[in-house]
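Please work from the sequences and hints to get the whole structure.
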Amino acid sequence: MKRLIAAVLALLVVAWGLSLRAPSASRYQVFHGGQILTMASDERAEAVYVADGVIAAVGTRAEIDALAPWNARRVDLRGGTLLPGLIEPHTHPLASALLGASTDVSGVTHANRDELMATLRTAAGKRGLTPWIVAFGWDPAMLNPLPPPSLAELDAIAPDRPMIILTQMMHEAFANSAALAGAGIDATTPDPAGGSFERDASGALTGRLIEITAIGQVMAAMPEASDAALTLLLSLQYDRYARAGYTTIGAASLVGRARDPVALVHDIAAERRASLNTVLYAAPDRFAHASEIWGDDTFRNGNGAAGTHLAGMKIWMDGSPFIGGAALAEPYERSPFTRDVLGLAPGWSGQVNYTPDTVNALVLEAQRGGYQLAFHAQGEPAIEMALDAIEAAQTAAPDPALHHRLEHLALISPAQMERAARLGVSLGFFIDHVWFYGHILPDLVGEARTQRYMPVAEAVAAGAVVTLHGDHPATPIDPMRTLATAIERRARTGGTIIGADEALVAQQALEAMTINAARQLGLDSEIGSIEVGKRADFTWFDRAPLGLSPQEMREIQVRGTWIAGRPVDTRTVTLKNISLTLSAIWSSLTD
171 MKRLIAAVLA
181 LLVVAWGLSL
191 RAPSASRYQV
201 FHGGQILTMA
211 SDERAEAVYV
221 ADGVIAAVGT
231 RAEIDALAPW
241 NARRVDLRGG
251 TLLPGLIEPH
261 THPLASALLG
271 ASTDVSGVTH
281 ANRDELMATL
291 RTAAGKRGLT
301 PWIVAFGWDP
311 AMLNPLPPPS
321 LAELDAIAPD
331 RPMIILTQMM
341 HEAFANSAAL
351 AGAGIDATTP
361 DPAGGSFERD
371 ASGALTGRLI
381 EITAIGQVMA
391 AMPEASDAAL
401 TLLLSLQYDR
411 YARAGYTTIG
421 AASLVGRARD
431 PVALVHDIAA
441 ERRASLNTVL
451 YAAPDRFAHA
461 SEIWGDDTFR
471 NGNGAAGTHL
481 AGMKIWMDGS
491 PFIGGAALAE
501 PYERSPFTRD
511 VLGLAPGWSG
521 QVNYTPDTVN
531 ALVLEAQRGG
541 YQLAFHAQGE
551 PAIEMALDAI
561 EAAQTAAPDP
571 ALHHRLEHLA
581 LISPAQMERA
591 ARLGVSLGFF
601 IDHVWFYGHI
611 LPDLVGEART
621 QRYMPVAEAV
631 AAGAVVTLHG
641 DHPATPIDPM
651 RTLATAIERR
661 ARTGGTIIGA
671 DEALVAQQAL
681 EAMTINAARQ
691 LGLDSEIGSI
701 EVGKRADFTW
711 FDRAPLGLSP
721 QEMREIQVRG
731 TWIAGRPVDT
741 RTVTLKNISL
751 TLSAIWSSLT
761 D
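When you read off a place in the sequence shown, starting at 1, and then add 170, the result is the number in the working numbering.
Calculated from the structure, these hints are not laboratory results.
Computed from a predicted structure; not experimentally measured.
Glycine is no exception: its CB is placed at the ideal position from the N, C-alpha and C atoms.
You may find that some hints are simply not true.
As the list claims (entries may be wrong) - Label pairs and their in silico Cβ distance ranges:
| no. | residue 1 | residue 2 | range |
| --- | --- | --- | --- |
| 1 | Arg243 | Val743 | 16 to 26 Å |
| 2 | Thr666 | Pro329 | 42 to 52 Å |
| 3 | Ser695 | Asp558 | 28 to 38 Å |
| 4 | Arg504 | Leu752 | 29 to 39 Å |
| 5 | Leu716 | Arg243 | 20 to 30 Å |
| 6 | Arg504 | Ile748 | 55 to 65 Å |
To be verified - Capping the alpha-carbon separation at 25 Å, the derived lysine to any residue pairs in SDA-like fashion look like this:
| no. | residue 1 | residue 2 |
| --- | --- | --- |
| 7 | Lys296 | Ser753 |
| 8 | Lys296 | Ala398 |
| 9 | Lys296 | Asn314 |
| 10 | Lys746 | Arg283 |
As structure tokens, then:
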């Protein structure tokens, strides 16, 4: 009897282990039984045949059945819809992974300041990835009014442990005295280029850090988590993207504290069974290192392999409009929000982070090397300087195949959109601003500019390649929210429609998240549509997004994704994740 029980237990352990193994790719596959949106034309196919991870045929069910071998795996879509894999062209995977493990103080999960301060006090009594307390999501634009935490408040919460609170857009932060001291910053420390350490009327530090360079100077003093812990967090983050329906991401620089962020992300991205393809845009100070590690384009790997690609460099031309950091052609609106919450001086319009000579040199160097530039540019002066540099580089070193990109584009002008289209520059819109911050836009930029904020439809009409992105972790990962917002342009708070004339139709929004995103990444010969010869990167929805209301779109469920014909395993508990968890635990015990 004991032997029988032991045998049964052994069989159960083996079965459990086998159940945790990732699904394997079949050499031949047929997808059928649902709607197939190819994004190659308006025609909808009935079935797709995949051989060795590549799309071999698209057509009617009878045509595909005649072509596919008898042993092809049949994937029944069960009335759902198959699309080319969704592409997120502008996100920050490392920052998303790290901040996902930080203390959440966002306006999505909190209703008021009292709740936020209670969360911070609780966090001060807990152990985190490092001895520092890191909180993320403080957002006075989403929760208005939300007075900033004072240095005295933060020092009272954590008198001995360094604490830093990052705002939702990560262009502003608040640090306590221990964090400032740990970074060697005092009242005499000079402000970094493009940022500042706020001081009061007497010249004393307030703890407020303005823009990425100032935040980075403080964060650089924070101890790094172990590589094992970061590998686990990043692997789980990749699974979150896939679970949401993404098959490819554009990593728009590797923001986040790690020993070697470039190598860390590459190790995850280059795994043959990675959950995503990864395209990297490195920051200027990391570009040389990235070119050494990411230099070989591996996007043409065989059956089931994830692709990696170094596309170019990321440049921040200006900052976030929600702290007055975006460089605008006209001053910010004078309102209680800009005056009392943001503290902007009368007539303030922001400023560009670079001189024309510096930007021109960076773009020309990238142009000659065949690399793309991705410009963070919210306001008209920042956009104009970027376009000037691109045009000068294309004149000095013409390369018709190289297409640079502009990102976020809160208030890009019609003339700038037409110029971008003429220069072959793609335009990526951070449309989630409308959903999360539409209610505050009139107080930020006035009614007239609010009605053309994120002018996506104008950009499409101008003939530019237009894409949509979520800039995670600035917003939660949810492509269906992004899709619905581009179509409806409704603000989450108050329900106001923001710039109805700038709304896209569903087909345009889907193109922005598939084939146009592939064009922006320079990979439209490989991904972005369901066409013969392209990689079998697919996203499977439970229903067709065309013809649905925006609210119904937000309720669409993702049933699965495929990378080069390989079904992606998005379960939280897998053999891989168990192994990475054990490695992280062992590392923490032996550190």
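Of the hints given before, which are not true for this structure? Per hint list: 4, 9 and 10 violated.
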